[in-house]
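2 protein chains.
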Amino acid sequence: MLLRRANVIDGALKFLDAEGLDGLTMRKLGAALNVQGGALYRHFPNKEALLDAMADKLLEGVADPLPDGHWRDQVHILANRMRKALLAHRDGARVVAGTYAPGSNTIIATDVAINVLCSAGLPPAQAGWLTFALFYYVLGHTMEEQAQAQLPADDDWQSRNARLTTGVSPQYVVALQSLITTDPAQRFAYGLSAFIEGVASQLALAGPGESAAPKPPTGDR
Amino acid sequence: MLLRRANVIDGALKFLDAEGLDGLTMRKLGAALNVQGGALYRHFPNKEALLDAMADKLLEGVADPLPDGHWRDQVHILANRMRKALLAHRDGARVVAGTYAPGSNTIIATDVAINVLCSAGLPPAQAGWLTFALFYYVLGHTMEEQAQAQLPADDDWQSRNARLTTGVSPQYVVALQSLITTDPAQRFAYGLSAFIEGVASQLALAGPGESAAPKPPTGDR
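Taken in sequence, the protein lines are chains X and V. Position 151 (the first sequence) corresponds to 407 in the working numbering; numbering is contiguous. Position 206 (the second sequence) corresponds to 462 in the working numbering; numbering is contiguous.
One or more hints might be untrue.
It does not matter which identical chain is meant; a pair holds if it fits inside one copy or across any two.
[To be verified] Keeping only pairs whose Cα atoms sit at most 30 Å apart, straight-line, the calculated BS3-like set for lysine-lysine is:
hint : residue 1 : residue 2
1    : 270       : 340
2    : 303       : 284
3    : 270       : 284
4    : 270       : 313
5    : 284       : 313
6    : 270       : 303
7    : 284       : 340
8    : 313       : 340
No lab work stands behind these hints: they were computed from the structure. Keep in mind that this is a model prediction, so the values were computed, not measured.
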């Protein structure tokens with residue numbers, strides 16, 4: 257069978273789910289796909305190029321057309337799509353965070369986010385800066401979620417927190433406990449709301465207008 | 257000479273500045289420190305443990321006592337200290353982002369940030385979530401700064417942007433250009449301000465009070 261580029265990427269994502277990012281090598285992937293090592297290199301000159309392609313595949317769909325609506329809702333949708341995409345594969349967030357040659361899906365997602373913030377009223381430069389800030393938040397949060405899920409039972413955050421009986425404030429202990437016990441989706445939504453309100457505050461500075469006004473009631477359009 | 261744990265960490269950070277994270281191996285570090293490989297393993301069972309210790313060393317000083325003042329100023333100071341600490345060594349942000357066993361400096365910095373947000377009026381759980389969100393922003397921003405500084409001249413962001421003449425919006429092109437030409441410190445401050453206003457909005461939701469009020473004029477205390 258002809259080994260297509262897309263087959264290699266799909267196979268690499270299946271390998272990722274089974275073995276994790278630390279287990280991924282070109283040699284092991286070639287063996288899993290039952291091809292000679294050289295076959296992979298016809299499509300990807302090195303592991304970094306493969307990881308870039310995997311990262312871009314992971315983000316497929318994030319930039320699908322957004323429903324019409326308030327920019328706050330659109331940012332919510334984009335961020336939640338991205339979180340879901342990163343969580344769909346083991347170590348997905350680490351794969352995306354480690355790449356710096358954006359593929360077409362990454363570029364389109366960035367473009368969509370920038371245009372949502374521009375439509376809200378931000379100048380393009382500032383829209384770009386805050387789009388990156390949003391991506392850092394989504395990536396950081398999902399990396400932490402995936403890392404937490406893979407810690408060994410005798411050294412997970414619960415165990416670490418239990419060992420931290422001295423030297424930290426009671427607030428720290430409560431905060432860490434909540435990080436372990438609260439649904440990650442709820443924590444994610446809270447930080448995302450803070451981000452969106454932060455954007456709204458910058459809109460208000462950029463020039464007061466309707467776009468910075470509080471979200472209209474649902475069904476108001 | 258006795259090889260102390262602190263000597264290994266200092267040597268590893270010097271090695272990092274010279275060779276970068278991708279070049280760091282226990283074997284090469286041992287050679288650079290002019291010791292047998294086994295000498296490093298007396299202090300660190302593996303490279304991951306060494307990286308954890310390097311990450312913690314990088315964050316030394318971030319949690320130094322904060323001047324009295326408004327929580328907004330204290331968040332500013334903490335975030336800027338962290339950015340400066342990460343930028344002080346090549347690939348510093350990647351080293352810290354890749355570690356998940358927090359050392360004492362990491363724990364103290366988290367504790368300090370949580371307590372700043374609690375003093376402002378947030379419950380400990382929410383203070384913890386937003387502290388992590390702040391760290392994701394600082395880490396993501398500094399990783400991007402350090403990555404951008406190391407891209408090859410024929411494939412840096414300027415070249416990539418120039419190649420993107422089709423398929424993206426004019427806003428995207430302007431945003432990417434600004435990411436290249438704007439002082440990173442200015443971009444960082446802008447996103448940090450948005451974060452701080454986002455925190456203020458959550459404070460207002462948690463219960464209106466003075467702590468969520470706009471920053472008082474300088475010298476007002």
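(request) Enumerate the violated hints, using their earlier numbering and listing them in ascending order. (result) none
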